[in-house]
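Please work from the sequences and hints to get the whole structure.
Chains H and G supply the protein sequences, listed in that same order.
Each residue of the first sequence is one higher than the one before, counting from 1 in my numbering.
Each residue of the second sequence is one higher than the one before, counting from 1 in my numbering.
Treat the hints with care, as some may be off.
Below, simulated DSSO-like cross-link-like pairs (lysine-lysine); rule was C-alpha separation at most 27 Å, straight line [to be verified]:
| id | chain 1 | residue 1 | chain 2 | residue 2 |
| --- | --- | --- | --- | --- |
| 1 | H | K91 | H | K121 |
| 2 | H | K91 | G | K106 |
| 3 | G | K97 | H | K110 |
| 4 | G | K175 | H | K157 |
| 5 | G | K106 | H | K121 |
| 6 | H | K296 | G | K97 |
| 7 | G | K258 | G | K302 |
| 8 | G | K110 | G | K9 |
| 9 | G | K110 | H | K302 |
| 10 | H | K175 | H | K204 |
| 11 | H | K175 | G | K175 |
| 12 | G | K337 | H | K296 |
| 13 | G | K175 | G | K258 |
Take a look, some chain H residues computed to stay more than 10 Å from chain G by CB distance [said to hold, decoys possible]:
| id | residue |
| --- | --- |
| 14 | L83 |
| 15 | K204 |
| 16 | V303 |
| 17 | N304 |
Read the hints as simulated data drawn from the structure, not as lab findings.
Note that the coordinates shown come from a computational prediction; the quantities given were computed from them, not determined experimentally.
Positions of the beta carbon are idealized from the N, C-alpha and C atoms, including for glycine.
Number of protein chains: 2
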Amino acid sequence: MSNRIGELKAKLNQSNIDGMIVTNPVSVRYLTGLTAEGTLLITKQENVFITDGRYIEEVNSRLTINDGIICYDYNDLNEEDDLNFFADCEKVGFEEKYVTYVDYSKFLVKYRIKELVEASKFIEKQRMVKDEDEIACIEKACNITDSCFLHLLDFIKVGMTEKEIVAEIVYFFLKNGADGEAFDTIVATGPNSSKPHAIPTDRKILPGDPILIDFGAKYRGYCADMTRTIFAGQPSEEDAKLYEFLLAVQERARMKIKDGASGMEIAKGVETELQARGYDLIHGLGHGVGIEVHEKPILSHKVNWDLQENNVVTCEPGIYIPGRIGIRIEDTVLVKKLESRSLTKSNKNLLTI
Amino acid sequence: MSNRIGELKAKLNQSNIDGMIVTNPVSVRYLTGLTAEGTLLITKQENVFITDGRYIEEVNSRLTINDGIICYDYNDLNEEDDLNFFADCEKVGFEEKYVTYVDYSKFLVKYRIKELVEASKFIEKQRMVKDEDEIACIEKACNITDSCFLHLLDFIKVGMTEKEIVAEIVYFFLKNGADGEAFDTIVATGPNSSKPHAIPTDRKILPGDPILIDFGAKYRGYCADMTRTIFAGQPSEEDAKLYEFLLAVQERARMKIKDGASGMEIAKGVETELQARGYDLIHGLGHGVGIEVHEKPILSHKVNWDLQENNVVTCEPGIYIPGRIGIRIEDTVLVKKLESRSLTKSNKNLLTI
Chain H
1 MSNRIGELKA
11 KLNQSNIDGM
21 IVTNPVSVRY
31 LTGLTAEGTL
41 LITKQENVFI
51 TDGRYIEEVN
61 SRLTINDGII
71 CYDYNDLNEE
81 DDLNFFADCE
91 KVGFEEKYVT
101 YVDYSKFLVK
111 YRIKELVEAS
121 KFIEKQRMVK
131 DEDEIACIEK
141 ACNITDSCFL
151 HLLDFIKVGM
161 TEKEIVAEIV
171 YFFLKNGADG
181 EAFDTIVATG
191 PNSSKPHAIP
201 TDRKILPGDP
211 ILIDFGAKYR
221 GYCADMTRTI
231 FAGQPSEEDA
241 KLYEFLLAVQ
251 ERARMKIKDG
261 ASGMEIAKGV
271 ETELQARGYD
281 LIHGLGHGVG
291 IEVHEKPILS
301 HKVNWDLQEN
311 NVVTCEPGIY
321 IPGRIGIRIE
331 DTVLVKKLES
341 RSLTKSNKNL
351 LTI
Chain G
1 MSNRIGELKA
11 KLNQSNIDGM
21 IVTNPVSVRY
31 LTGLTAEGTL
41 LITKQENVFI
51 TDGRYIEEVN
61 SRLTINDGII
71 CYDYNDLNEE
81 DDLNFFADCE
91 KVGFEEKYVT
101 YVDYSKFLVK
111 YRIKELVEAS
121 KFIEKQRMVK
131 DEDEIACIEK
141 ACNITDSCFL
151 HLLDFIKVGM
161 TEKEIVAEIV
171 YFFLKNGADG
181 EAFDTIVATG
191 PNSSKPHAIP
201 TDRKILPGDP
211 ILIDFGAKYR
221 GYCADMTRTI
231 FAGQPSEEDA
241 KLYEFLLAVQ
251 ERARMKIKDG
261 ASGMEIAKGV
271 ETELQARGYD
281 LIHGLGHGVG
291 IEVHEKPILS
301 HKVNWDLQEN
311 NVVTCEPGIY
321 IPGRIGIRIE
331 DTVLVKKLES
341 RSLTKSNKNL
351 LTI
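Okay, structure coming up:
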């Protein structure tokens with residue numbers, strides 16, 4: 001784990017940054033493995049984790065000498081201690097995309113740093129390329145999600161409510177080794193499916209309904225993200241054709257994902273295909289997945305970014321016809337040198353319950 | 001709902017603030033009822049909610065003319081539109097405790113506001129005093145939590161794991177009308193109970209174990225927060241005495257909660273009682289509960305704050321003996337003029353399963 005701090009330090013040094021204040025809990029977890037609330041200070045001399053009485057016992061039981069992190073209770077630190085941490089540093093980085101305006105103002109007073117510089121990108125870039133441990137966790141999260149989908153195909157019946165299905169999903173995750181949901185599960189049925197971020201309701205499934213399920217387990221802090229749209233009985237011919245069209249679009253886009261490919265070009269390709277049929281790509285094509293369910297890189301027709309080996313991203317085109325139907329098909333995908341590998345492996349053919 | 005915006009506007013005007021940029025999703029939900037991602041601009045002329053294609057359909061279906069909010073897709077706004085929103089304003093507020101450093105920098109360019117002023121406190125103060133609708137939601141969240149506790153007394157058995165109990169709690173919440181958990185449920189058994197923020201594990205309950213359960217349902221966006229510590233069979237005489245002592249401390253503190261009481265004094269009272277027996281109050285005594293499970297006001301021996309009628313706060317002293325046992329007893333409490341009313345009503349006597 002301490003290797004990640006070492007790698008970050010090396011990158012910071014290349015930019016003449018002498019230290020960093022890490023406050024985003026996601027970054028702290030990534031760099032240290034700790035889930036406790038606190039601040040990680042990467043200084044010239046040492047790495048320091050400052051927490052409070054609620055976490056001291058847990059942190060001390062987790063950190064070993066190999067982590068190279070000293071843990072303090074912030075109640076035991078005085079003003080002088082705070083001033084000393086960065087006393088020999090010219091430039092110190094902070095996470096400008098996470099730190100609030102008020103905390104930024106506090107840092108200036110507390111640590112009296114000569115130059116406080118924006119440094120979110122260093123951790124973001126490092127997190128984008130997943131290591132073996134991370135890929136194993138995401139893969140396991142995807143496996144649990146796949147098992148859950150299989151279970152749902154058997155479980156979901158006409159007459160059930162969206163909320164009942166959400167309850168079953170969360171219960172399945174927790175009973176099958178997951179930490180829980182990676183994000184608030186979406187189950188949107190019938191016309192509700194046309195809202196990309198629908199909140200589950202007490203609506204009961206009717207025959208013929210599309211059932212859009214956007215869900216993912218979290219495993220050891222890492223997320224899966226998958227969407228499947230199934231139908232309550234045979235859909236209309238029109239809806240079936242729409243489904244087959246979107247599936248082909250999704251699969252073509254997924255096949256283009258590999259090291260060096262332009263996320264923007266892939267998304268533009270999807271946009272063009274959808275527009276040719278009169279639809280629009282109303283959200284991005286995909287996003288990175290890791291400790292956060294939405295992280296860098298973004299796959300969008302608006303963002304110029306080339307994919308790299310060991311990025312993990314979603315590929316999730318959708319078609320939404322307000323008030324009638326929404327279809328989205330999404331996989332979590334591992335970027336490799338010459339191809340992509342889908343980590344979610346659930347059946348994507350048109351399925352009915 | 002629009003009344004809350006009106007009240008905020010009046011308070012801002014009293015401080016010569018002409019408008020406000022509201023970006024914290026919790027504030028947006030509080031002021032508008034909307035759960036969609038987006039930015040609320042309170043300007044001299046109008047109230048504007050700016051969102052994107054994923055949410056437009058939902059937002060338009062929720063807002064009525066009475067809400068007095070105009071919704072835009074940010075893709076439909078150009079630079080000039082952004083500049084116009086606050087063109088006639090001198091001072092505009094922003095949420096300095098939520099807005100990141102990078103977003104603050106963007107606001108300066110985007111809206112070219114003469115004076116951007118810290119205004120988190122206006123919404124915080126307003127949110128602290130709950131209205132009828134809010135109290136009804138919190139009460140319902142507490143009722144579901146109480147029902148769940150009753151169910152757990154029957155459900156929990158020696159040999160069960162902490163994670164299994166968490167799964168049952170979440171499932172119960174979702175099956176009984178809650179939105180879900182108000183926060184990550186803590187089930188900490190045996191020596192794990194001494195970590196105030198323990199993460200549930202696969203540890204199996206052994207006879208004699210303390211079982212600390214810190215949990216709460218969320219209902220229509222509002223949280224409940226309750227902790228009960230029960231025992232797997234008869235605890236040792238020492239542990240039973242410890243429990244009875246803490247229960248008396250908790251109940252005495254809870255009785256002091258009322259309009260005008262000093263949160264600091266109540267917390268100091270608890271600290272003194274604990275210290276007289278050789279223990280410490282290692283976390284605050286309580287915190288506000290509402291849309292967020294942790295919000296203002298804070299009840300702590302370190303924070304000087306007087307309670308007000310219709311605050312909703314927790315009262316949650318705990319005793320932690322590292323590696324051996326932790327006991328915490330917590331209620332969610334409504335502050336009234338002459339007394340407090342516990343909204344969580346589960347039995348607090350020493351209970352065994």
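Outcome of the hint check:
As the CA atoms of H:K91 and H:K121 are separated by approximately 16 Å, the hinted pair is consistent with the 27 Å bound. A distance of roughly 23 Å separates the Cα atoms of H:K91 and G:K106; the hinted pair therefore holds under the 27 Å criterion. At most 27 Å may separate the alpha-carbon atoms for a hinted pair to count; G:K97 and H:K110 meet this at roughly 17 Å. The hinted pair formed by G:K175 and H:K157 meets the criterion: a straight-line CA distance of about 16 Å does not exceed 27 Å.
For the hint linking G:K106 to H:K121, the alpha-carbon distance of about 17 Å falls within 27 Å, and the restraint holds. For the given pair, H:K296 sits about 24 Å from G:K97 by alpha-carbon distance, which is consistent with the 27 Å threshold. This hinted pair checks out: G:K258 and G:K302 have alpha carbons roughly 19 Å apart, not beyond 27 Å. With a C-alpha separation of about 22 Å, the suggested pairing of G:K110 with G:K9 holds against the 27 Å cut-off.
The suggested pairing of G:K110 with H:K302 holds, with an alpha-carbon distance near 19 Å, which does not exceed 27 Å. Restraint check for H:K175 and H:K204: satisfied, since their Cα atoms lie roughly 25 Å apart, inside the 27 Å limit. Under the criterion of a C-alpha separation no larger than 27 Å, the hint pairing H:K175 with G:K175 is consistent with the structure, at around 16 Å. Between G:K337 and H:K296, the direct Cα distance comes to roughly 50 Å. Violation of the 27 Å bound is thereby established for this hinted pair.
Of the supplied pair hints, the one linking G:K175 and G:K258 is violated, its CA atoms being roughly 34 Å apart against a limit of 27 Å. In this structure H:L83 is separated from chain G by more than 10 Å, as the shortest Cβ-Cβ distance comes to about 21 Å. No beta-carbon of chain G is positioned within 10 Å of the beta-carbon of H:K204; the least distance is around 15 Å. With a cut of 10 Å on Cβ distances, H:V303 stays outside the contact zone with chain G, its closest approach being about 14 Å.
Here H:N304 stays apart from chain G, with its beta-carbon at least about 18 Å from theirs, past the 10 Å limit.
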